[in-house]
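With these hints in hand, go ahead and build the complete structure from the sequences.
Residues 123 to 238 (this note's numbering) make up the sequence shown, in order.
It should be emphasised that the hints constitute simulated quantities derived from the structure, not laboratory data. Among the hints, a few may not be true.
Computed beta-carbon distance windows for the label pairs [unchecked claim]: (1) E152 to H238: 35 to 45 Å; (2) I194 to R162: 21 to 31 Å; (3) D201 to R164: 27 to 37 Å; (4) S221 to I194: 14 to 24 Å; (5) D201 to L237: 31 to 41 Å; (6) E165 to F223: 29 to 39 Å.
This structure is a prediction, so every number in the text was calculated from the model and none was measured. Every residue gets a Cβ at the ideal spot worked out from N, C-alpha and C, and that includes glycine.
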Amino acid sequence: MFAKGHRSLRIALLAGAATFALGAHAQATERTITGTVMDRQREPLAGAVVQVHSESTLSVISYITGRNGYYIFKHLSPDDSYQVFATYRGSRSRRFRLSRFDSRLNRNLPLIIKLH
Numbered sequence: 123m124f125a126k127g128h129r130s131l132r133i134a135l136l137a138g139a140a141t142f143a144l145g146a147h148a149q150a151t152e153r154t155i156t157g158t159v160m161d162r163q164r165e166p167l168a169g170a171v172v173q174v175h176s177e178s179t180l181s182v183i184s185y186i187t188g189r190n191g192y193y194i195f196k197h198l199s200p201d202d203s204y205q206v207f208a209t210y211r212g213s214r215s216r217r218f219r220l221s222r223f224d225s226r227l228n229r230n231l232p233l234i235i236k237l238h
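Pasting the structure below:
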């Protein structure tokens, strides 16, 4: 009698673990990158162009910052690596690489541009 109850408990635990694993997989979310483009004095740069380059698809997504220098890229794949940088009036920020092995889904990258 105990063996039968033990077996049922084991089946219930395995089913629960499988459901949890499927739920965790189904919750795989997308990556979001946000930030502000600024000059060396930390003043926001309106009209800067921020680009995100996908390393797997070679696609490029661009965003033009508003008055506050803010940018956002949503719905990026966590299974891809990206390069992010900004340009403003012929000057460019440092290029950041976000690896697909980085498990952080929400990244804030302030981009600093040294103006000439």
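Hint check results:
A hinted range of 35 to 45 Å holds for the C-beta pair E152 and H238, which are about 37 Å apart. In this structure the hint that I194 and R162 lie 21 to 31 Å apart at CB holds, the actual value being about 23 Å. Checked against the given bound of 27 to 37 Å, the beta carbons of D201 and R164, roughly 34 Å apart, stay inside it. One distance hint, 14 to 24 Å for the beta-carbon pair S221 and I194, holds here, with the actual separation near 20 Å.
Restraint check, D201 to L237: a C-beta distance of roughly 36 Å satisfies the suggested window 31 to 41 Å. For the pair E165 and F223, the supplied restraint of 29 to 39 Å holds, since their beta-carbon distance comes to about 34 Å.
Violated hints for the displayed structure: none, as all numbered hints are satisfied.
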